[in-house]
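*Asks:* Each chain, letter by letter, is given below.
2 protein chains.
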Amino acid sequence: MSTRFADDPSLLSASAAADLLQQRRLGAEELLRACLRRIAEREPEVMAWCSLDAESALAQARMLDSGPLRGPLHGLPLAVKDLFDTQDFVSSYGSPIYAQHRPVADAAAVALCREAGAIVLGKTVTTEFATFSPGPTRNPHNPAHTPGGSSSGSAAAIGAHMVPLALGTQTAASIIRPAAYCGVVGFKPSFGLIARAGIKSLSESLDTVGGFGRCVADVALLTSVMACAPAWRQLGVDRPPRIGLCRTPQWQAASDATRHAVESTAQRLRLAGAHVVDVTLPASFAALPEIHDQIMWADAYKALADERLRHPHQISENLQQRLAIGEKIDVVQNRYNRDRVAQARADLTQVFAECDLLLTPSTHSEAEVGLGQTGDPLFSRTWSALGLPSLHLPTGTGTRGLPLGVQLVGPLGSDAQTLAWCHWTERQLNLS
Amino acid sequence: MSTRFADDPSLLSASAAADLLQQRRLGAEELLRACLRRIAEREPEVMAWCSLDAESALAQARMLDSGPLRGPLHGLPLAVKDLFDTQDFVSSYGSPIYAQHRPVADAAAVALCREAGAIVLGKTVTTEFATFSPGPTRNPHNPAHTPGGSSSGSAAAIGAHMVPLALGTQTAASIIRPAAYCGVVGFKPSFGLIARAGIKSLSESLDTVGGFGRCVADVALLTSVMACAPAWRQLGVDRPPRIGLCRTPQWQAASDATRHAVESTAQRLRLAGAHVVDVTLPASFAALPEIHDQIMWADAYKALADERLRHPHQISENLQQRLAIGEKIDVVQNRYNRDRVAQARADLTQVFAECDLLLTPSTHSEAEVGLGQTGDPLFSRTWSALGLPSLHLPTGTGTRGLPLGVQLVGPLGSDAQTLAWCHWTERQLNLS
Chain A
1 MSTRFADDPS
11 LLSASAAADL
21 LQQRRLGAEE
31 LLRACLRRIA
41 EREPEVMAWC
51 SLDAESALAQ
61 ARMLDSGPLR
71 GPLHGLPLAV
81 KDLFDTQDFV
91 SSYGSPIYAQ
101 HRPVADAAAV
111 ALCREAGAIV
121 LGKTVTTEFA
131 TFSPGPTRNP
141 HNPAHTPGGS
151 SSGSAAAIGA
161 HMVPLALGTQ
171 TAASIIRPAA
181 YCGVVGFKPS
191 FGLIARAGIK
201 SLSESLDTVG
211 GFGRCVADVA
221 LLTSVMACAP
231 AWRQLGVDRP
241 PRIGLCRTPQ
251 WQAASDATRH
261 AVESTAQRLR
271 LAGAHVVDVT
281 LPASFAALPE
291 IHDQIMWADA
301 YKALADERLR
311 HPHQISENLQ
321 QRLAIGEKID
331 VVQNRYNRDR
341 VAQARADLTQ
351 VFAECDLLLT
361 PSTHSEAEVG
371 LGQTGDPLFS
381 RTWSALGLPS
391 LHLPTGTGTR
401 GLPLGVQLVG
411 PLGSDAQTLA
421 WCHWTERQLN
431 LS
Chain B
1 MSTRFADDPS
11 LLSASAAADL
21 LQQRRLGAEE
31 LLRACLRRIA
41 EREPEVMAWC
51 SLDAESALAQ
61 ARMLDSGPLR
71 GPLHGLPLAV
81 KDLFDTQDFV
91 SSYGSPIYAQ
101 HRPVADAAAV
111 ALCREAGAIV
121 LGKTVTTEFA
131 TFSPGPTRNP
141 HNPAHTPGGS
151 SSGSAAAIGA
161 HMVPLALGTQ
171 TAASIIRPAA
181 YCGVVGFKPS
191 FGLIARAGIK
201 SLSESLDTVG
211 GFGRCVADVA
221 LLTSVMACAP
231 AWRQLGVDRP
241 PRIGLCRTPQ
251 WQAASDATRH
261 AVESTAQRLR
271 LAGAHVVDVT
281 LPASFAALPE
291 IHDQIMWADA
301 YKALADERLR
311 HPHQISENLQ
321 QRLAIGEKID
331 VVQNRYNRDR
341 VAQARADLTQ
351 VFAECDLLLT
361 PSTHSEAEVG
371 LGQTGDPLFS
381 RTWSALGLPS
391 LHLPTGTGTR
401 GLPLGVQLVG
411 PLGSDAQTLA
421 WCHWTERQLN
431 LS
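From first to last, the protein sequence lines are chains A and B. Numbering-wise, our numbering puts 250 at position 250 of the first sequence, and it's gapless, one number per residue. Numbering-wise, our numbering puts 120 at position 120 of the second sequence, and it's gapless, one number per residue.
One thing to keep in mind: the hints can contain errors.
Chain copies aren't distinguished; within one or between two, either way the pair holds.
As the list claims (entries may be wrong) - Keeping only pairs whose Cα atoms sit at most 20 Å apart, straight-line, the calculated SDA-like set for lysine to any residue is:
1. K328 - P312
2. K328 - A231
3. K328 - M63
4. K328 - P230
5. K328 - E317
6. K328 - E290
7. K328 - R270
Bear in mind the hints are in silico, worked out from the structure with no lab data behind them. The model shown is predicted, which means the values in this text are computed figures rather than measured ones.
Using the sequences provided together with the hints, build the complete structure.
*Replies:* Below, the structure written as structure tokens:
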């Protein structure tokens, strides 16, 4: 263990901690106690958790320390977004309707993490059914600002060093945006890579399981476990990537600082040996943010049918309004929308013919002030609609002193390769 | 009400009963009592149900009779496959692991049927997690024969006239096969048409919600409600369809009677004015049955992670073996399989350039003797892999005196039009 972390393992990245745990140079209980100290210190301000069971986690840690190595996540404390079912915690999905709901099974992704040796420490705050009505969580870098959503608690818990790994989901921007606001690495894998069994469904066409960590290797480790793939620990590449600088049709909506972060990152990667090209998106992409929104609410209107019918008064007015939008999108319009996404997906071949990785904004700007909203998902809608693997990489701070970074997007299904290019990028920027 | 049905409304099709219910010429309670009499008579032999609440259903029927019209399914008793969550019935998914499981919410499809006025009478038997280990249900036409699976109880309940409508799901052939064996109409809509929220996940890439009735209009009515579409009651067409006679590469595996049913149906439709062409499937289709099997078990291995880990001894040996197959399919193979499906899907344009509807076998043969298995899904794997809307239409009986029919398959997303072509086909064959 490096001297720097010797006194506080909560500062270790998940991948560094995993190495030490696998070598038995760090105990699961030792790491967990460091996390619990950090939580005791920061949670009153950050409010990342909706439930937490320190005693059960400590018992699991002691069992792991005294037993054989379980798998690549052996001994790593894990925060689970409260959109995932867990058999040992109430699972509320951010809704009062489910305030007392205790599922009988773990979501598949949670079960796979446990099988790999992770310790589920508790559940983290989600917005209402992963939509736009926020929970109590505050930005760990400034409690007057939103942490983003919908995976608010998971991103904030990583940003506050409360745990090394956290699970999230993304339908619009629910991983990328809170990762950006909280200054952590967030990865939304390719649509379909990770099973969604046991996750409260919002939009079947879009919902994607992913996670948060402190560096690219962390989210690679977590993703590989949930994808039932061999641990993606070797993220080497044999050449620098071809980077597609993609300003998107929404470029003018981004703040000066955000645009500067993207462009200066491009410049630094060029100097590091990357071939950087300007990418103009095909015309079929222009309407994707609006189409994404329509697909999402049309799906949500159906998926939340039971809640609409039996508990209408426990659904927020904000969500009621969005569901009313979804109700109006008929089968014909929905099919048209899906066909347009399919068309844009076919045009991806030309986008990725000239680059390996797109470099593009994650959000408009740093986290906005106020806790009444979680920010605009605009800059992730296109990639969520297309199902592409996308990663937020923090690069510095903005004019408000809050974290800022860039979004990196790879081809559909190329998750391991995309993470390897992201890892190269992170190294060149001296971020890990 | 026609004289024929005056004494026994359980013999009415759902669409005929719906018309009478909407006109208040048939009471919901009257229809329900007829169904309950039929159940009392047939259930000891057929064993279609795993739970049933006659008192609650009667109370709902009386409320519907004394209140305003609720929607297009007003007063129709509905059987729900026990793979769907229901807040008022145990939901066991065909597994002892969930023998006592009572969900807190209805599956979205169930909630939408209730909203439209359907009365959920109870849950029907499914095989274990909708796979291949059968429940107790017997074929309503001969109790020594399998009803097919996995939607065994739903198809048998319709075949025995216990209810006018039933919900099912299909991952491989779980609607088409039991519909064929039980001699009822079964419809598997396009992949993605109906929300799967609250259904036990087996394979996210394939699981599709659908249903059973006694004629095409019945499944059109049910499907439109679950798709949040205006009721598909007008199924008129302005010309006869172009029928693609599709023997498939599996033709030699079909029995003489099955091949005769398909070919004689083609001949009858030709005489009725349909343009019938022979369709040879593109080369990309040949491997789809095998690829379908691999995708299904790779998904299932992940989706059933919690059950594998916490309840391994309550999973049947048969399913354990299939999950072991899924475990061996790695991320690269899975991506290759999905790419091959995408390629075949792109080739569908050429298939449907020359026809509106494919005419193809539903199963190898009539229901096989014995209750230890549910038959081979071979003849539906291709269409399930591609996500195409497919319907089983009974056409007569085979050499064993059990029902026989044909499968009709339409283009992706053309559910309403496909049902209209199927309705034309049914009328020409004098089946309704």
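*Asks:* The structure should be examined with respect to each hint, and the outcome stated for every one.
*Replies:* Cross-check of the supplied hints:
no.	hint	result
1	K328 - P312	within (18 Å within a copy, 45 Å between copies)
2	K328 - A231	between (44 Å within a copy, 15 Å between copies)
3	K328 - M63	neither (53 Å within a copy, 29 Å between copies)
4	K328 - P230	between (44 Å within a copy, 12 Å between copies)
5	K328 - E317	within (17 Å within a copy, 47 Å between copies)
6	K328 - E290	within (15 Å within a copy, 40 Å between copies)
7	K328 - R270	neither (47 Å within a copy, 41 Å between copies)
The structure shown violates the earlier hints numbered 3, 7.
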